[in-house]
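**Student:** All chains, full assembly: derive it from the sequences and hints.
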Amino acid sequence: MLKVNGILTGLAMAAVLTGCEGVFGGIYDEPDNRGEVTVNGTLYVDASDWTQWHYLDLHQLADSVAADSTYNTSLAWRTFDIPTEPLIDPDPGDRNGIYTYWYDVFGAGISVNEFRDFYPTALQPEPDSWTIAVHRNNVRTNGCEAAVTGLTDIDEIPDNPEYLDGLTYRADEWNERDVWVIRDRMLSGLIGNQGMEVNPVLSSWLRVDIPPMPPAFTMNPEVFVLRLPDGTYAAIQLQDYVSSEGVKCCLTIKYRYPL
Amino acid sequence: MTPRHSAFARRLAPVLLCLAGLWLEPAARASETADTAGVRNFDLDEVVVTGVRTPKLLKDVPVQTRLITRRDIERADATDIRDLLQAEMPGVEFSYAMNQQTHLNFNGQGGQSILFLVDGERLAGETMDDVDFSRLDMANVDHIEIVKGASSALYGSNAGGGVINIITRKAAKPWRVNGDARWSKHNEQRYNLSVTARGSKISNVLTGSFYDIDNYNVKSAPDPVTRVIGTVYGSRVWNARERITYQPLDNLKLSGRAGYYFRQLTREADAPERYRDFTAGLRGEWGITENDRLEVAYSFDQYDKSDYYRRSKRDVRSYSNVQNGVRALYNHTFGNEDILTAGADFLYNYMLNTKLDDRRRRETWADAFLQYDWTIDPRWEVVGAVRYDYISDGDMSRVTPKVSARYKPHQDVNIRLGYGMGFRAPTLKEKYYSFDMAGIWIVNGNPNLKSETSHNVTLSADYTHGNYNITVSGYYNNIRNKITTGVPYYRPDDPTELYLDYVNLNRFTVWGGEITLQGKWINGLGARVSYAYTDEHQVRDKGGNNVANQYIPARKHSLTCRLDWGKEFSKVYTLNVSLNGRVLSGVKNVEFRDYYDISKGTVTVNYPAYTLWKLSVSQRFTRYVTLNLAVDNIFNYKPRYYYLNCPLTDGAALQVGLAFDLY
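So the sequences go chain by chain: Y and F.
When you number the first sequence by the working numbering, it's gap-free, plus one each residue, and the end is 259.
When you number the second sequence by the working numbering, it's gap-free, plus one each residue, and the end is 922.
Across the chosen pairs, the derived CB separations fall in these ranges: (1) 852(F) / 70(Y): 52 to 62 Å; (2) 755(F) / 158(Y): 42 to 52 Å; (3) 569(F) / 36(Y): 13 to 23 Å; (4) 758(F) / 49(Y): 13 to 23 Å; (5) 109(Y) / 867(F): 15 to 25 Å; (6) 748(F) / 150(Y): 42 to 52 Å; (7) 693(F) / 258(Y): 43 to 53 Å.
Straight-line distance between alpha carbons at most 20 Å, and here's what the computed DMTMM-like set of lysine to aspartate or glutamate pairs gives: (8) 572(F) / 30(Y); (9) 478(F) / 104(Y); (10) 897(F) / 482(F); (11) 614(F) / 29(Y); (12) 254(Y) / 153(Y); (13) 614(F) / 49(Y); (14) 572(F) / 153(Y); (15) 667(F) / 596(F); (16) 248(Y) / 36(Y); (17) 572(F) / 29(Y); (18) 564(F) / 21(Y); (19) 478(F) / 209(Y); (20) 564(F) / 29(Y); (21) 564(F) / 245(Y); (22) 478(F) / 909(F); (23) 614(F) / 21(Y); (24) 897(F) / 342(F).
These are calculated hints, taken from the structure and not from any lab test.
Idealized CB from N, CA, C, for every residue including glycine.
**Tutor:** Next comes the structure, spelled out in structure tokens:
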């Protein structure tokens with residue numbers, strides 16, 4: 001046993017003597033950009049910026065893929081900044097804008113919160129035609145409804161109308177405390193949110209909890225079905241929310257459209 | 260007396276019992292004098308090396324050294340160095356950052372000023388400027404030597420507040436297999452295994468350990484005045500170490516070692532954090548003559564942090580600190596027992612950190628030191644040392660002196676006085692960090708940081724006679740240019756983002772003292788009470804203004820206590836009972852009312868006092884098997900608010916353990 005141990009120790013020593021800047025680097029994965037190039041059936045979007053919405057038009061995407069099967073689907077996203085400047089002359093009763101809430105970030109958690117103030121801003125700019133939009137862990141739709149299926153394999157989603165019609169759908173709902181935009185007073189628990197209609201079902205695909213601190217992300221791997229205003233259906237599923245460099249809210253999404 | 264005071268008094272009752280125990284009438288061993296009994300009872304004949312880098316008996320070493328023996332470690336049933344230091348040393352407290360990274364406060368000194376060594380070798384890697392304490396498990400530790408006060412003249416940067424040197428076990432028998440297992444609440448599991456073998460020229464020590472505990476939630480009362488913890492993160496830790504020693508000649512010993520450490524902490528189910536360490540080393544010890552000894556060593560240590568993304572099965576590294584060091588140490592003993600020590604070190608320090616400017620940084624450290632240990636007569640011994648350090652990044656250099664004296668006015672009394680200059684060079688992180696901390700603020704390094712320097716004075720006296728030992732010590736530490744993060748601020752060109760820069764503070768002082776009473780009686784009863792007073796003065800900026808400290812200061816009063824009793828009823832049954840406790844006073848900390856508008860001033864936050872006690876019963880059956888039962892936190896203490904410096908306990912915990920020892 002002593003000889004074997006001696007040989008093992010010697011080998012370990014030989015390995016480290018050549019490692020002025022480290023050994024066993026091969027056990028780690030290097031960051032790369034492979035997630036940013038996607039083809040039919042998969043999408044990738046860096047939605048980590050607090051101040052941007054990213055829009056996707058499923059009809060246009062389907063046309064692009066039909067025309068070119070090698071089309072990089074990640075290029076289908078269009079990005080628009082969230083307005084954060086106060087309106088100089090707002091209309092009375094205008095509810096578009098930034099809602100500041102105090103969250104009990106360092107106590108009971110963000111489920112305990114209180115409204116603090118509001119100021120109106122310009123309307124959220126958006127493209128002429130779009131289906132869904134993502135902002136970090138928030139998702140909204142352009143007049144669609146969404147349902148959760150309970151299935152985790154997107155290829156198992158039946159495309160028969162009975163199944164699709166039988167799901168329980170919810171449309172977008174007004175929200176003023178989940179679309180976190182302004183974080184420069186976060187240490188005091190104050191966060192500025194965009195007042196916006198978001199889809200509560202689709203937004204459940206990525207949950208952010210505080211505590212703990214830093215926040216904990218929990219992904220729902222279920223497949224969601226989207227009912228578009230024209231009566232067509234799409235299946236979408238969040239596959240991953242972390243980039244190859246470890247940045248959260250970089251979304252890899254599987255989709256099927258039309259069903 | 261209020262109900263709370265009454266409860267506190269009840270919990271202090273065991274302390275009073277311990278104190279009472281010290282006055283029990285001793286039963287001296289007939290064949291032993293009081294002097295030899297004292298040496299035996301309190302391990303004063305153990306050899307220590309840390310204080311002067313040459314082997315000395317504890318009773319003779321001129322630098323005050325606290326020894327924690329293997330027996331102490333077993334009595335504390337410590338899993339890692341955190342458990343042990345808290346059980347054995349008053350004035351030691353671990354607090355937490357918002358993300359629960361651990362920070363040490365050791366008599367007012369932060370972890371960045373306490374140098375941790377394993378068999379004399381530095382450790383790579385840090386978080387919150389502290390080493391990864393989970394690496395330092397107690398599975399294979401023989402003893403620990405703690406030298407308080409500046410030791411930069413012997414150990415360089417980071418030793419400004421003291422040195423904690425963990426000495427691992429050697430193979431002492433032809434073969435030996437021992438191990439232990441322990442189970443407790445939150446699915447806590449601990450397994451240790453050690454296999455040692457010793458031949459005529461070769462010996463080997465192989466150790467493995469595993470520790471696992473689940474995450475668990477804790478609940479604070481409503482309306483905390485500062486940040487609280489809601490979930491206590493558990494972790495899974497693997498540790499394996501191998502050391503082989505070859506002694507071809509009586510005066511030549513060669514050894515090689517290798518080790519691997521892995522810890523996984525699951526803060527997010529989809530992305531657990533991983534911490535790894537690879538360590539290895541070679542050492543040669545040559546007794547050139549009877550009076551000349553040369554030691555050369557090579558040490559490698561690599562500490563990595565990564566996140567494992569379960570969805571994509573990718574393990575992405577964000578941090579790696581690699582240290583390659585070579586060292587030479589020479590001792591010459593003169594005929595009159597004076598000892599000359601000379602040494603030099605060279606270390607290549609490499610850091611990969613995705614939060615650093617340029618991601619990768621490199622630097623080299625080089626130093627040389629000289630020490631003379633002058634035994635003037637049997638009563639007086641004086642040691643002087645001086646060291647020159649050079650650090651390539653920033654072209655920094657520093658000379659640090661140290662002088663210590665031991666005076667023995669009576670055979671039972673030792674008085675030690677020491678002065679040391681401490682030194683801590685800014686780390687690569689402190690110089691080049693650039694980190695957006697979850698939108699709260701951007702932490703920025705500062706390439707223009709100066710080195711911290713400190714002047715440290717220690718004075719101690721100990722008296723040992725028969726069954727009693729008393730040690731009294733005091734210290735004063737004055738630090739200039741202390742490196743820490745400063746006051747948050749907005750930049751004129753970026754009024755929406757808060758910045759937090761590393762800065763040099765004007766001065767920081769800490770002084771304190773400690774008194775330890777020990778008794779050990781032949782009827783199997785032993786007791787020890789240690790009290791520490793720490794007065795840590797508020798840090799100030801260059802303008803002399805108070806600034807909020809990111810670390811919670813030391814508690815002024817702290818006390819540890821142990822009462823143990825053991826009896827060998829027969830060859831096959833031995834019983835040991837031990838009661839360990841610690842009492843810590845409350846502490847106040849000045850914190851900003853609003854970090855985004857510091858003109859609103861500060862508020863004083865009161866962190867409450869607490870006390871924790873552990874009762875252990877250990878039953879040994881034959882010499883091979885031991886059954887351990889313990890109740891940790893026997894008074895079921897639960898913090899009202901889980902502030903960042905409170906004990907992360909959710910009440911009493913039963914611990915069941917089993918150990919075996921075959922040889």
